[in-house]
Amino acid sequence: MRTSRVFKEAKGTRLMKPPPTGRHVPNSLCSPAAEVTNSGSTTLAADIPVMSDDSSPLSSISTDIEDALELPLKKQKYRAGTNDPPETSLAKYSYTTKSSSSGPRRHPARRITARARSLGVEPTSEWETVYAIVKDMREKNPTAPVDTMGCAELYWRASSPRDQRFQTLIALMLSSQTKDTVTAEAMQRLHTLLGEHTLRSTDLGGQTGQDAGAPATPVDSTLNLQHILIVSPQRLNELIRTVGFHNNKTKYIKEAAIILRDQYSSDIPSTAKELMKLPGVGPKMAYLCMSAAWGKHEGIGVDVHVHRITNLWEWHKTKNPEETRKALESWLPKDKWHEINKLLVGLGQTVCLSIGRKCGECALSGKNLCKGEVKGSRKRKPGT
8 MRTSRVFKEA KGTRLMKPPP TGRHVPNSLC SPAAEVTNSG STTLAADIPV
58 MSDDSSPLSS ISTDIEDALE LPLKKQKYRA GTNDPPETSL AKYSYTTKSS
108 SSGPRRHPAR RITARARSLG VEPTSEWETV YAIVKDMREK NPTAPVDTMG
158 CAELYWRASS PRDQRFQTLI ALMLSSQTKD TVTAEAMQRL HTLLGEHTLR
208 STDLGGQTGQ DAGAPATPVD STLNLQHILI VSPQRLNELI RTVGFHNNKT
258 KYIKEAAIIL RDQYSSDIPS TAKELMKLPG VGPKMAYLCM SAAWGKHEGI
308 GVDVHVHRIT NLWEWHKTKN PEETRKALES WLPKDKWHEI NKLLVGLGQT
358 VCLSIGRKCG ECALSGKNLC KGEVKGSRKR KPGT
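For the sequence shown, this note's numbering gives the first residue as 8, with consecutive numbering after it.
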């Protein structure tokens with residue numbers, strides 16, 4: 008039987024058409040481990056950087072920047088050997104339910120205050136247990152930089168109370184986005200090198216020419232309002248050159264000194280509201296200054312450590328330290344407003360690091376109390 012020329016051409020056209028889209032594709036090409044670009048080249052997923060939990064914008068140790076809490080999305084992995092996404096196993100994602108006798112005793116939540124209710128904040132039932140455990144751990148091992156070099160410890164012991172308050176304010180202004188060790192070194196230079204006559208190392212224990220058998224007379228610090236007013240911006244900037252944003256801080260300190268002289272009788276304001284009117288002073292500095300300088304606890308000083316750790320504990324879901332402050336103040340008992348900053352800053356500096364948390368060394372490890380615990384961390388040493 009003869010075949011027409013048109014039939015033969017049509018048959019040839021069918022042979023040249025691309026394969027149907029529903030044909031079987033090798034599993035190795037369906038896996039997300041390989042991606043085919045438009046040019047035909049294959050890019051391995053291993054070449055694409057994947058953000059870890061510790062690289063989250065929430066993890067920040069060297070600065071005091073308030074970052075967002077948005078975490079990177081993780082890629083869903085497909086099972087090898089099938090073209091369809093894997094079925095979700097309930098056993099894989101189910102939580103182990105423990106009896107009340109084996110787990111930690113759950114305390115009833117405190118009565119929610121009207122302010123907490125208005126903010127939509129409800130404290131967790133375990134917060135008191137978590138707080139007590141962390142406080143006990145910190146008191147037994149007070150080795151964090153904040154314990155000896157925090158802003159509340161950087162005033163000059165021989166200065167007058169008014170000068171000590173001013174020194175505390177300056178320390179807080181320098182501490183923003185700066186490590187405690189660096190702030191302490193800058194404060195030491197201001198204490199000894201700011202005035203017209205700098206203090207020599209031999210003068211720090213007593214005055215020159217004093218009898219050897221006489222009690223040592225403390226030498227006053229060179230850091231006071233008068234010296235800040237007369238020092239040149241260039242010299243002040245040189246003395247604080249190691250702190251973060253020292254150029255801006257030099258400007259803020261000089262401007263604040265003029266305001267204190269003209270409006271507050273050469274002393275620092277005695278309310279947080281007035282302190283926040285000074286250039287470069289925000290809520291965190293103001294409330295910490297009120298506690299350290301005046302002994303008044305009007306609010307919670309929330310820095311990056313307090314903000315990050317309380318969100319890891321899921322005490323709240325806040326986007327920045329100011330939101331965290333308002334949430335904590337809505338339900339946390341006022342007798343803890345002063346100590347919680349030093350408590351959690353020290354925890355963040357030693358154990359609950361922003362990068363590479365040492366969950367195995369934390370007293371909360373294995374108690375199902377910390378929602379951000381990294382399983383499999385190195386265990387704590389006995390007796391610590």
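No wet-lab data here; the hints were simulated from the structure.
Among the hints, a few may not be true.
Claimed, not checked - What follows is a set of in silico ranges between Cβ atoms, one per label pair, in the way DEER data are often shown: (1) I362 x T150: 16 to 22 Å; (2) R268 x G302: 21 to 27 Å; (3) H234 x D342: 33 to 39 Å; (4) D227 x K147: 34 to 40 Å; (5) K365 x S239: 43 to 49 Å; (6) D227 x E281: 36 to 42 Å; (7) E245 x A139: 43 to 49 Å; (8) T249 x A165: 22 to 28 Å; (9) E192 x G373: 37 to 43 Å; (10) I362 x G289: 22 to 28 Å; (11) Q233 x E192: 21 to 27 Å; (12) E245 x K374: 14 to 20 Å.
As the list claims (entries may be wrong) - Taking lysine-lysine pairs in the DSBU-like style, the calculated list, with each CA pair at most 30 Å apart, reads: (13) K280 x K343; (14) K324 x K258; (15) K284 x K326; (16) K142 x K378; (17) K343 x K326; (18) K374 x K142; (19) K341 x K303; (20) K284 x K333; (21) K258 x K280; (22) K303 x K343; (23) K333 x K343; (24) K186 x K365; (25) K280 x K303; (26) K382 x K341; (27) K324 x K378; (28) K186 x K326; (29) K303 x K186; (30) K324 x K280; (31) K326 x K341; (32) K284 x K147; (33) K280 x K365; (34) K343 x K374.
Note that the Cβ used here is the ideal one computed from N, Cα and C, for glycine as well.
Okay, the hints, checked on the actual structure:
no. : hint                    : in the structure
1   : I362 x T150: 16 to 22 Å : 19 Å, holds
2   : R268 x G302: 21 to 27 Å : 24 Å, holds
3   : H234 x D342: 33 to 39 Å : 38 Å, holds
4   : D227 x K147: 34 to 40 Å : 36 Å, holds
5   : K365 x S239: 43 to 49 Å : 45 Å, holds
6   : D227 x E281: 36 to 42 Å : 27 Å, violated
7   : E245 x A139: 43 to 49 Å : 46 Å, holds
8   : T249 x A165: 22 to 28 Å : 25 Å, holds
9   : E192 x G373: 37 to 43 Å : 39 Å, holds
10  : I362 x G289: 22 to 28 Å : 25 Å, holds
11  : Q233 x E192: 21 to 27 Å : 23 Å, holds
12  : E245 x K374: 14 to 20 Å : 50 Å, violated
13  : K280 x K343             : 21 Å, holds
14  : K324 x K258             : 35 Å, violated
15  : K284 x K326             : 24 Å, holds
16  : K142 x K378             : 18 Å, holds
17  : K343 x K326             : 22 Å, holds
18  : K374 x K142             : 16 Å, holds
19  : K341 x K303             : 11 Å, holds
20  : K284 x K333             : 19 Å, holds
21  : K258 x K280             : 21 Å, holds
22  : K303 x K343             : 13 Å, holds
23  : K333 x K343             : 14 Å, holds
24  : K186 x K365             : 20 Å, holds
25  : K280 x K303             : 13 Å, holds
26  : K382 x K341             : 33 Å, violated
27  : K324 x K378             : 13 Å, holds
28  : K186 x K326             : 23 Å, holds
29  : K303 x K186             : 25 Å, holds
30  : K324 x K280             : 26 Å, holds
31  : K326 x K341             : 23 Å, holds
32  : K284 x K147             : 39 Å, violated
33  : K280 x K365             : 38 Å, violated
34  : K343 x K374             : 23 Å, holds
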